[in-house]
Structure formats: C-alpha cells, structure tokens
Amino acid sequence: MFDNKSILITGGTGSFGQKYTKTILERYKPKRLIILSRDELKQYEMQQVFNAPCMRYFLGDVRDGDRMMQAFKDVDYVIHAAAIKQVPAAEYNPMECIKTNIYGAENVIKAAIANNVKRVIALSTDKAANPINLYGATKLASDKLFVAANNMVGEGVTRFSAVRYGNVVGSRGSVVPYFKGLISEGTSSLPITHPEMTRFWLSLQDGVDFVLKNFARMQGGEIFVPKIPSVRVTDIAEACGPGLKHEIIGIRPGEKLHEIMCPGDDSHHTIEFDDHFVITPSIIFFGKDMDYSKNLLNEQGKAVEMGFEYHSGNNPDFLSVEQIKLLDEGKD
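Note that our numbering has the sequence shown beginning at 1, numbered continuously upward.
It should be emphasised that the hints constitute simulated quantities derived from the structure, not laboratory data.
Honestly, I wouldn't trust all of these hints.
As the list claims (entries may be wrong) - Subject to a maximum C-alpha distance of 27 Å in a straight line, what follows is the list of computed DSS-like cross-link-like pairs (lysine-lysine):
#1 325 <-> 22
#2 213 <-> 302
#3 227 <-> 213
#4 288 <-> 302
#5 110 <-> 31
#6 294 <-> 227
#7 73 <-> 22
#8 144 <-> 288
#9 118 <-> 144
#10 42 <-> 22
#11 110 <-> 99
#12 118 <-> 294
#13 110 <-> 288
#14 213 <-> 73
#15 325 <-> 245
#16 213 <-> 19
#17 29 <-> 42
#18 22 <-> 180
#19 144 <-> 294
#20 118 <-> 213
#21 110 <-> 144
#22 302 <-> 144
#23 325 <-> 19
#24 42 <-> 31
#25 73 <-> 19
#26 118 <-> 22
#27 19 <-> 5
#28 31 <-> 213
#29 22 <-> 227
#30 180 <-> 19
#31 180 <-> 245
#32 5 <-> 29
#33 42 <-> 99
#34 110 <-> 5
#35 180 <-> 42
#36 31 <-> 73
#37 19 <-> 118
Because the structure is a prediction, the values reported are computed rather than measured.
Kindly produce the complete structure, drawing on both the sequences and the hints.
Here it is as structure tokens:
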C-alpha cells in the first residue's frame, strides 16, 4: 500500500525513524519518504546512510503549526514519532514536554486534516496507560487528541489511530546501553531499581512491522497494542553482565513496578485479536457506531472480560536470560 505514495515521519531521525526508513526502502517503492525533525546534525548523519532518490529531509518542529502545514502537503501517510520521551527531562521541564507532546500533536492533526492526509498513526507508550509521570500524562493526552481527531474530519478522508508498545531493545536512553556503558567502564555491580520490576520488551523491527501492518488494519480511532514478551530487570542485568552483583537502588520518581498497556478501567473498550489488542474509542465517530471487532484485514477479535488488565507482570510470556541475549544481538 506504500508503493508510489508519499510518506512522512515526524521525529524521523530517531531509532524508530531510521529502522522504519530502512524497512520502507527495502520493501516498497515510495514516491517520497520525508524525514521531518528539528536537528540538522542528525539529519546530516542520517543522510549519509539513507539517500535514495525518493528521500526528502525536512527541518521543522512539530510545535510550529505553519511548518507542519507546509511539510504535510501532498502526503498520503504520516507516522508521528516526534516526542520528548525522557521521564526525568519531562519532570524538570514540564512545559517543554507539553509543548512538544500535546501542542505538537494538535499541530500534526490540523496539518493532516488540512492537507487530506489519508492515514496518521501516532506512536504512544505503555507509560500513557494509568500515567504516574508527566511524560506518560502528555502521551495519554496525545492519544486522546488523535482518537478524537476522527470527529474533526467531517467529510474528509483523514483517519487517525495510535500504536502503544513497551521498551525497545537497545534504543537510545534505554537500560541495555546504560548497563553496557557501565560494564565497559569496569563496574563491579549493576544498579537495579527493584528486584521484582518487569518491563515489556520488543525489537525495533517488530515495532516497525506492527506500525506498518496497522496502516492496513485501521478504521480510525483505535489504540493498537501488540502482544509482546515481558522481561525481568534482573534478567536484563544478568544478560548484559553475567555474574555481576546487583545493587538495589529503589524505584525512581515516575517509575512503576510493572508497565501497563491495557488498563483494567478500559477493559470494556478492549478487544483481543490473535497477536494484538485494540482499545476502542469511548465516543461515536462519523455519526455511526463502528464495529472494531473486525478490522480492514478481516481479522476477527473478541471482547475481553471486565476488569482485564494487560501489564508486564501478569503477561504469560516472559523471556529467559538467553532469549534476552539473542534479542539484543539481533536488535539491528
């Protein structure tokens, strides 16, 4: 569906954007593939790797509504990946996080509708489910904006959905590069926030593939959640530094013991499919009820039980230490 189409990704120089670019160029023949970000150095560095004739590098900030209007001209599909994502940075700079993650989302929505973009998928996070930190709260607000945007379209063609997933193996700022950095410096122990802490875990390629498939699945208004394995933080530490001591340092501000992707309070809006969940909108779109139990790929889902909650602690699928090593080795 991406052949001879114009595709744009905001925050396109990040880990996801680069893997997404590689995947699109390998599998499809897009008319244009536009990388939008505000960092000229990262764009220059990415351009040394990805310089296909269809590539366009567009300097701009999602906070700038006028620039988004220009960037989205004649674009068919948008992936909104731009965000301020570091939890401590958001806590210390709350308005900067709000300007990018919430006001930026509004600008993306307005530009997409004005330019008749066909489909928009916004990248969300497990931290948006029952958020306890500002980053998660802004992403929950962003999710709500993208879901409700389907009511702003009127007779237009644009449809909006979101994809929510957990930690990506080896992504910038994640725990694996941090542990490896400490090990390279000769540390004798690794810091563990809590011995029972768990997280969702997936490869960058799996995240990209899930987003791409949801463009074909989406009707508009869904929050897509993949079924992915969990890991214990102690097992991550053992995989990175076998035999190293674990120093318990306590849960940091804004952290959870387990990450949630489908909250129990949303169970009456949650549909389970073979390899993913869909959290459906609580409001009616397009003047009619939508049947989200069957998607545009004709995959059939069923409602979960009331009170159902999908979090990294109750997940039936946990990776072993060896599986974590293999996933880390194959992350690229």
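Cross-check of the supplied hints:
no. : hint        : in the structure
1   : 325 <-> 22  : holds, 24 Å
2   : 213 <-> 302 : holds, 19 Å
3   : 227 <-> 213 : holds, 14 Å
4   : 288 <-> 302 : holds, 20 Å
5   : 110 <-> 31  : holds, 23 Å
6   : 294 <-> 227 : holds, 18 Å
7   : 73 <-> 22   : holds, 23 Å
8   : 144 <-> 288 : holds, 19 Å
9   : 118 <-> 144 : holds, 19 Å
10  : 42 <-> 22   : holds, 16 Å
11  : 110 <-> 99  : holds, 15 Å
12  : 118 <-> 294 : holds, 20 Å
13  : 110 <-> 288 : holds, 23 Å
14  : 213 <-> 73  : holds, 24 Å
15  : 325 <-> 245 : holds, 18 Å
16  : 213 <-> 19  : holds, 15 Å
17  : 29 <-> 42   : holds, 24 Å
18  : 22 <-> 180  : holds, 26 Å
19  : 144 <-> 294 : holds, 22 Å
20  : 118 <-> 213 : holds, 15 Å
21  : 110 <-> 144 : holds, 15 Å
22  : 302 <-> 144 : holds, 23 Å
23  : 325 <-> 19  : holds, 20 Å
24  : 42 <-> 31   : holds, 23 Å
25  : 73 <-> 19   : holds, 24 Å
26  : 118 <-> 22  : holds, 22 Å
27  : 19 <-> 5    : holds, 19 Å
28  : 31 <-> 213  : holds, 19 Å
29  : 22 <-> 227  : holds, 24 Å
30  : 180 <-> 19  : holds, 22 Å
31  : 180 <-> 245 : holds, 14 Å
32  : 5 <-> 29    : holds, 8 Å
33  : 42 <-> 99   : holds, 21 Å
34  : 110 <-> 5   : holds, 21 Å
35  : 180 <-> 42  : holds, 23 Å
36  : 31 <-> 73   : holds, 13 Å
37  : 19 <-> 118  : holds, 22 Å
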